[in-house]
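Visitor: Protein chains in written order, with UniProt numbering: chain A, 1 to 529; chain B, 1 to 380; chain C, 1 to 287.
Hints may be right or wrong, so weigh each one.
What the hints assert, rightly or not - Simulated crosslink set (SDA-like; lysine to any residue; CA at most 25 angstroms straight-line):
1. B:K73 / A:E506
2. B:K136 / C:A111
3. B:K113 / A:E506
4. B:K156 / A:G316
As the list claims (entries may be wrong) - Interface residues of chain A toward chain B, partial, derived using beta-carbon atoms under 10 angstroms:
5. K19
6. G20
7. P149
8. S158
9. P244
10. Y322
11. V333
12. G367
13. F368
14. L371
15. S376
16. D379
17. V434
18. L438
19. M467
Stated by the list, open to error - Derived contacts from chain B toward chain C, CB cut-off under 8 angstroms, selection only:
20. Y29
21. G208
22. E212
The hints are simulated quantities; they were obtained by calculation from the structure and are not laboratory data. Just so it is clear, the structure is predicted and the values come from calculations on it, not from any experiment. For every residue, glycine included, the Cβ atom is placed at its ideal position computed from N, Cα and C.
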Amino acid sequence: MDVASEHSTDHDAHHGPAKGFTRWVYTTNHKDIGTMYLWLAFAMFLIGGSMAMVIRAELFQPGLQLVQPGFFNQMTTMHGLIMVFGAVMPAFVGLANWLIPMMIGAPDMALPRMNNLSFWILPFAFGLLLLTLFMDGGGPNFGWTFYAPLSTQYAPPSVTFFIFSIHLMGLSSIMGAINVIATIINMRAPGMTLMKMPLFVWTWLITAFLLLAAMPVLAGVVTMMLMDINFGTSYFSAAGGGDPVLFQHLFWFFGHPEVYIMILPAFGIISHIVPAFSRKRLFGYSSMVYATASIAILSFMVWAHHMFTVGLPLAGELFFMYATMMIAVPTGVKVFNWISTMFRGSLTLETPMLFAIAFIVLFTIGGFSGLMLAISPADFQYQDTYFVVAHFHYVLVPGAIFSIIAAAYFWLPKWCGRMYDEKLGKIHFWWSFVGLNLTFFPMHFVGLAGMPRRIPDYALQFADFNMISSIGAFIFGTAQLFFLYIVVKCILTGEKAPACPWEGAEGLEWTLPSPAPYHSFTVPPKFED
Amino acid sequence: MVELNLTKGYWLFIALYLVVPQVSADLKYNMPVGVTEVSHAVHSLHMTIFWICVAIAVIVFGVMFWSIFHHRKSRGAKAAQFHENTLVEIIWTLIPLVILVAMAVPATATLIKMYDTSDADVDIQITGYQWKWHYKYVNDDIEFFSTLSTPADQIKNEAPKDTNYLLEVDQPLVLPVGKKVRFLVTSNDVIHSWWVPDLAVKRDAIPGFINEAWTKIERSGTYRGQCAELCGKDHGFMPIVVEAKSEQEYSAWVANKQAEKEAAKQAAAASATKEWSHDELMAEGEKVYARICAACHQPTGMGIPSVFPALKGSPVATGNVQEHINIVLHGRPGTAMQAFAQQLSTTELAAVITYERNAWDNNTGDTVLPQAIQAVLDKQ
Amino acid sequence: MNHQHYYVPEQSHWPIVAAFALFFLAAGTAHTIIHGQPLLLIIGLGAIAYLFVGWFGEVIRENQAGLLDNDQVDRSFRLGMGWFIFSEVMFFAAFFGALFYIRHFSVPWLAGEGAKGISHMLWPAFEASWPVMSPPDSARFPGPEETVDPWHLPFINTLLLVSSSITLTIAHHALKKGHRAVVIAWMFVTVALGVSFLVVQGYEYHEAYTQMGLTLHAGVYGATFFILTGFHGMHVTLGTIILIVMLSRILRGHFSARRHFGFEASAWYWHFVDVVWLGLFIFVYVL
Ligand code: HEA
Ligand code: HEA
Ligand code: CUA
Ligand SMILES: [Cu+2]
Numbered sequence: 001m002d003v004a005s006e007h008s009t010d011h012d013a014h015h016g017p018a019k020g021f022t023r024w025v026y027t028t029n030h031k032d033i034g035t036m037y038l039w040l041a042f043a044m045f046l047i048g049g050s051m052a053m054v055i056r057a058e059l060f061q062p063g064l065q066l067v068q069p070g071f072f073n074q075m076t077t078m079h080g081l082i083m084v085f086g087a088v089m090p091a092f093v094g095l096a097n098w099l100i101p102m103m104i105g106a107p108d109m110a111l112p113r114m115n116n117l118s119f120w121i122l123p124f125a126f127g128l129l130l131l132t133l134f135m136d137g138g139g140p141n142f143g144w145t146f147y148a149p150l151s152t153q154y155a156p157p158s159v160t161f162f163i164f165s166i167h168l169m170g171l172s173s174i175m176g177a178i179n180v181i182a183t184i185i186n187m188r189a190p191g192m193t194l195m196k197m198p199l200f201v202w203t204w205l206i207t208a209f210l211l212l213a214a215m216p217v218l219a220g221v222v223t224m225m226l227m228d229i230n231f232g233t234s235y236f237s238a239a240g241g242g243d244p245v246l247f248q249h250l251f252w253f254f255g256h257p258e259v260y261i262m263i264l265p266a267f268g269i270i271s272h273i274v275p276a277f278s279r280k281r282l283f284g285y286s287s288m289v290y291a292t293a294s295i296a297i298l299s300f301m302v303w304a305h306h307m308f309t310v311g312l313p314l315a316g317e318l319f320f321m322y323a324t325m326m327i328a329v330p331t332g333v334k335v336f337n338w339i340s341t342m343f344r345g346s347l348t349l350e351t352p353m354l355f356a357i358a359f360i361v362l363f364t365i366g367g368f369s370g371l372m373l374a375i376s377p378a379d380f381q382y383q384d385t386y387f388v389v390a391h392f393h394y395v396l397v398p399g400a401i402f403s404i405i406a407a408a409y410f411w412l413p414k415w416c417g418r419m420y421d422e423k424l425g426k427i428h429f430w431w432s433f434v435g436l437n438l439t440f441f442p443m444h445f446v447g448l449a450g451m452p453r454r455i456p457d458y459a460l461q462f463a464d465f466n467m468i469s470s471i472g473a474f475i476f477g478t479a480q481l482f483f484l485y486i487v488v489k490c491i492l493t494g495e496k497a498p499a500c501p502w503e504g505a506e507g508l509e510w511t512l513p514s515p516a517p518y519h520s521f522t523v524p525p526k527f528e529d
Numbered sequence: 001m002v003e004l005n006l007t008k009g010y011w012l013f014i015a016l017y018l019v020v021p022q023v024s025a026d027l028k029y030n031m032p033v034g035v036t037e038v039s040h041a042v043h044s045l046h047m048t049i050f051w052i053c054v055a056i057a058v059i060v061f062g063v064m065f066w067s068i069f070h071h072r073k074s075r076g077a078k079a080a081q082f083h084e085n086t087l088v089e090i091i092w093t094l095i096p097l098v099i100l101v102a103m104a105v106p107a108t109a110t111l112i113k114m115y116d117t118s119d120a121d122v123d124i125q126i127t128g129y130q131w132k133w134h135y136k137y138v139n140d141d142i143e144f145f146s147t148l149s150t151p152a153d154q155i156k157n158e159a160p161k162d163t164n165y166l167l168e169v170d171q172p173l174v175l176p177v178g179k180k181v182r183f184l185v186t187s188n189d190v191i192h193s194w195w196v197p198d199l200a201v202k203r204d205a206i207p208g209f210i211n212e213a214w215t216k217i218e219r220s221g222t223y224r225g226q227c228a229e230l231c232g233k234d235h236g237f238m239p240i241v242v243e244a245k246s247e248q249e250y251s252a253w254v255a256n257k258q259a260e261k262e263a264a265k266q267a268a269a270a271s272a273t274k275e276w277s278h279d280e281l282m283a284e285g286e287k288v289y290a291r292i293c294a295a296c297h298q299p300t301g302m303g304i305p306s307v308f309p310a311l312k313g314s315p316v317a318t319g320n321v322q323e324h325i326n327i328v329l330h331g332r333p334g335t336a337m338q339a340f341a342q343q344l345s346t347t348e349l350a351a352v353i354t355y356e357r358n359a360w361d362n363n364t365g366d367t368v369l370p371q372a373i374q375a376v377l378d379k380q
Numbered sequence: 001m002n003h004q005h006y007y008v009p010e011q012s013h014w015p016i017v018a019a020f021a022l023f024f025l026a027a028g029t030a031h032t033i034i035h036g037q038p039l040l041l042i043i044g045l046g047a048i049a050y051l052f053v054g055w056f057g058e059v060i061r062e063n064q065a066g067l068l069d070n071d072q073v074d075r076s077f078r079l080g081m082g083w084f085i086f087s088e089v090m091f092f093a094a095f096f097g098a099l100f101y102i103r104h105f106s107v108p109w110l111a112g113e114g115a116k117g118i119s120h121m122l123w124p125a126f127e128a129s130w131p132v133m134s135p136p137d138s139a140r141f142p143g144p145e146e147t148v149d150p151w152h153l154p155f156i157n158t159l160l161l162v163s164s165s166i167t168l169t170i171a172h173h174a175l176k177k178g179h180r181a182v183v184i185a186w187m188f189v190t191v192a193l194g195v196s197f198l199v200v201q202g203y204e205y206h207e208a209y210t211q212m213g214l215t216l217h218a219g220v221y222g223a224t225f226f227i228l229t230g231f232h233g234m235h236v237t238l239g240t241i242i243l244i245v246m247l248s249r250i251l252r253g254h255f256s257a258r259r260h261f262g263f264e265a266s267a268w269y270w271h272f273v274d275v276v277w278l279g280l281f282i283f284v285y286v287l
């Protein structure tokens, strides 16, 4: 998105964007960096999505037709890794970069050079990750959860490269999180107390803490893998006194907070869009903040719900079941608050609102299946089936991805000073909505009927629903190419947007002209509630 | 308003009520009720939570869609001003909490039952291998491997697929009906997971550790499941078949199995003294290779670069014979190469080693006899 | 609050240099491990060295030029360093957590105690003890013959590190009072203590490898021992280098009595490393 290079209202010529490629490579500007993050995320989404297309094409019918099982496993693994680390996380960091300084009335992020580094590490990290596909023995083939000893003693040699690419991603995330915390705590405009911050800022603050607590543990566990693989230690081998299950505890101590890292900023986005198109203030602001914090705290106490079948002692099993179920309470509060915001509002259904409403409905469905998974004895039947795949795609695709798309439609006018084509946006919405449900809803059924996940071929009774899923996936996939077209069209030829194109939108970012000037608030605004 | 929304919800509820059982009645698309007390409990737990979720969904989405339709700007709706109410916040924190407690009670009871592995009548040790299962009847001294029996041409779409495509094995696990069977689940290499939906048993097989599980089957029949933990290339191809037999049939089966074992011992002894010709060994070896070794080393003997070593022209298969025998017998600890000394008979071992040393232009001309294998085994 | 003059640095090439350097460091280490060719790694290390000198040099120049002399910028740096240390705490927490799990769960289970004690069937000869002197499969993971006595070298090291934290604090107080000569003296002592710690640690490792059979592959005790103390040792090394840089900056007359965040940050780091050591001393050596 070519931001602000034209019609910049910046008076401070000395601080305008540089020309040429150095503008992007050397930049310290939060908007440029945010833009790069968003484009990287989108590219990764297409790559990860193409891998999902390979998966769905192979699963279109029973039997092996397109790919060999070994390669199928690489696709599954890379799809998961790239979507999680390459698409959703960078997209949220991109949004944070663009929006947080504007929302809190700051000139930029607190640590601008480090900000640039956080971004530029990522292309290298993902380059390295993708390179492993071309190495001897192929890329990672042990699932995005890379359980030992499949990922240690039995892994292809490229696993060592994989470990270091994870290290790079972790480093980037940690620096990004530090930056967000420093910015939010230190750079708010006078008068903006914590409890007056926009919710996107709040959810990101809490997300940043999750990142800081979770990513180093991931770094730790991959380091143990590195040592086990290459230096003869025995963390994950019973032969030396270790335990493969230890890997899972460490991984999920990171992994569960990670899934909330992928949803809390989404909650923030929805909390902006729903009030804007309801023309009514968000219901229960402070309870939203407390609910987010509760989810974050609880998220560190539930990790073993991914491990109900590994043979935890009974007490552990019960504890993790209860703790997991508790998360439904604060999440429910959020859902109820959004609905109360709509209740007796004055609603219009522009594209961002459509995506937001779909988010609420479909995320909640995903939450419900999550709750079912949390019931440990029932999870014995669900675990490692497509029911789980259905669950997490419902929270991730119409959850994280829809919120990001909604955010893009909502703030595009602010970013590039132009409006997207509303009609095309609506088409994109319905196209995605149909494709998505067609893809992921049948997965509940095949999962319950007994289809394990991560298999390239399946028994005949699963055939019909798999075919529907695959067709849905192609529909959904092409819809996202259409989205690309809408965005590009908007940037190039969209109608000029006013400072605040949405009747009901509130917040400091809408007081800036569209497109937002290169430096948002060189002089902090007076913030009044 | 509340009234209106309730009627709306009511109709939605009715609609769902008509559709969903339609789907769930056809067991193909829902969790199986299964054939054990535990599986019944799990199933009813599943349906209970499911209906609770449906009910909540109907109410919550009902209110939401009602607002979306009635509070549209285009219908002239003016936004109200309220944006806070501590009382409702407390209410909608407490109600879900109560619902959750109501779910947790039966869940806890079921879980405690599942964990009670005491007083079992039969003990079965289940060991996962890449990519097959090994069953050992601890009390009866019977053991065997159970491997996918779907032919490769069906998988490659070169032949029509059977009904039980990918869910059939050469030797099923046979269990008695009405007895408490305890499973001791472990693994030889990576993590697998032993899962039979009709028994509601799923336990991860962790290398170096043993997990316990149990079942008490109510009806005789054939129950099928699959490995439920990604365990490498052929994770999708290691099914489980349980055959539940009445007590008499089961005892007969055990007796028969033990007789078979005796017979096999004698056959092995006979074959050990038999004069095997090179060609006979090659023919036998080719079969064993296809059944056991080809999954990793590939039918071409080329392996998969950097994952599974090639045998064609390899130093092991063309070098020192004793070294080759050693590796096949004892495996390479910590790698996918298993120890085959216990898995195969001396004849099969001799045959497959002979085959590997002569197939794919390895042409060492060596013939390894069962006696040579026996000699190595005797030394230990 | 002075919001007017928040320092937003100009464009900078250092981040992209850093990204390159980190990439070479990461890919180079992996390449060295897998293919035994250290060229990429050497490029990475060189780039990292260049980077540190260059980037931090630039920040120091900005600092000297007064660009960073702003309360708000100062707070950003403090927040940055503080939360960075928090992430380091979590990194060590992973390794301490693993140690805890191994001692309290996996080793007892393998030896027949606790909820999964039935696992003992697979390792009938294994007995629980900590340190694990003969791991379940001693052919693959030969256990150590002896383990390090906490009350000799490790205890000396504890004294060294704790006193280095004290001497550093003395230096800091002197800096606040503006007594430069005192600062320099105590900084010398601190660095010397840090270096001695490393020497002792290196000697201990040497003994462990050559005399005690205590190695990385000596089963799970060796693994936890070397990984925990090793990562700590790497942090001490880094901390010592940072302190040396601080010392040389003081020698050049940097830092004012009022504003010397670079110094404080390194002190925080050093204290953090010290606290980790106390945890190690208790949980790895003594208990
Ligand atoms: C954005 C990501 C995201 C989110 C938000 C969630 C949210 C939840 N998840 Fe999910 N989960 C994943 C991503 C996510 N998950 C992923 C990626 C995996 C698989 C990883 C892998 O193995 O590869 C997974 C797997 C997973 C498992 C393991 C399954 C298995 O492998 O066997 C479990 C088990 O407990 C679980 C539970 C939950 C619960 C209880 C929630 C809760 O937070 C949901 C709470 C929300 C609601 C409940 C709905 C709204 C609430 C109301 C309307 C209030 C009233 C409701 C009631 C009282 C019922 N998840
Ligand atoms: C945020 C995370 C995220 C997102 C967005 C997605 C998006 C999608 N995912 Fe998934 N997925 C995961 C996270 C995610 N996924 C994870 C963590 C796993 C577990 C991995 C593991 O088991 O280890 C998983 C696993 C997983 C599986 C199970 C694989 C297995 O168990 O073997 C499947 C199967 O259908 C699947 C499908 C899809 C599809 C169809 C989409 C679609 O939404 C994608 C749509 C996008 C595009 C298609 C890109 C745009 C289009 C093009 C580039 C043009 C090409 C298009 C055509 C040819 C039509 N995913
Ligand atoms: Cu065995 Cu999957
Ligand atoms: Cu989770």
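Visitor: Now tell me, hint by hint, if it's right for this structure.
Guide: Cross-check of the supplied hints:
Taking the CA atoms of K73 of chain B and E506 of chain A, the gap is about 18 angstroms. The hint holds against a cut of 25 angstroms. The straight-line distance between the Cα atoms of K136 of chain B and A111 of chain C is roughly 22 angstroms, inside the 25 angstroms bound, and the hint therefore holds. Simply put, K113 of chain B and E506 of chain A have alpha-carbon atoms about 55 angstroms apart, too far for the 25 angstroms limit, and the pair is violated. Restraint check for K156 of chain B and G316 of chain A: the C-alpha separation of about 44 angstroms exceeds 25 angstroms, so the hint is violated.
Violation of the interface hint for K19 of chain A is found here, the shortest Cβ-Cβ separation to chain B being roughly 45 angstroms, above the 10 angstroms cut-off. The beta carbon of G20 of chain A comes no nearer than 42 angstroms to any beta carbon in chain B, farther than 10 angstroms, and the hint placing it at the interface is violated. The beta carbon of P149 of chain A comes within 6 angstroms of a beta carbon in chain B, closer than 10 angstroms, and the hint placing it at the interface holds. The criterion of a C-beta within 10 angstroms of any C-beta in chain B is met by S158 of chain A, whose closest approach is roughly 8 angstroms, and the hint holds.
Here the hint on P244 of chain A is kept, as its CB sits about 6 angstroms from the closest CB of chain B, short of 10 angstroms. A cut of 10 angstroms between beta carbons decides the hint on Y322 of chain A: the least distance to chain B is about 6 angstroms, and the hint holds. With a least beta-carbon distance of about 6 angstroms to chain B, the hint placing V333 of chain A at the interface is held under the 10 angstroms criterion. A distance limit of 10 angstroms between C-beta atoms decides the matter here; for G367 of chain A the minimum to chain B is near 9 angstroms, and the interface restraint holds.
Given hint, F368 of chain A at the interface with chain B, holds; its Cβ is 4 angstroms from that chain's nearest Cβ, closer than 10 angstroms. This hint holds: L371 of chain A has a C-beta 7 angstroms from the nearest C-beta of chain B, less than the 10 angstroms allowed. Hint status for S376 of chain A relative to chain B: holds, with the closest Cβ pair at about 5 angstroms, below 10 angstroms. With a least beta-carbon distance of about 9 angstroms to chain B, the hint placing D379 of chain A at the interface is held under the 10 angstroms criterion.
Evaluation of the V434 of chain A hint against chain B yields a violated restraint, the C-beta minimum of about 18 angstroms exceeding 10 angstroms. Because the closest C-beta pair between L438 of chain A and chain B is about 16 angstroms apart, greater than 10 angstroms, the hint is violated. The criterion of a C-beta within 10 angstroms of any C-beta in chain B is not met by M467 of chain A, whose closest approach is roughly 14 angstroms, and the hint is violated. Interface hint at Y29 of chain B: violated, since its Cβ lies 36 angstroms from the closest Cβ of chain C, which is beyond the 8 angstroms cut-off.
Because the beta carbon of G208 of chain B sits about 6 angstroms from the nearest beta carbon in chain C, less than 8 angstroms, this interface hint is met. With 8 angstroms as the threshold, the beta carbon of E212 of chain B comes within range of chain C, its nearest partner Cβ sitting at about 6 angstroms, so the hint holds.
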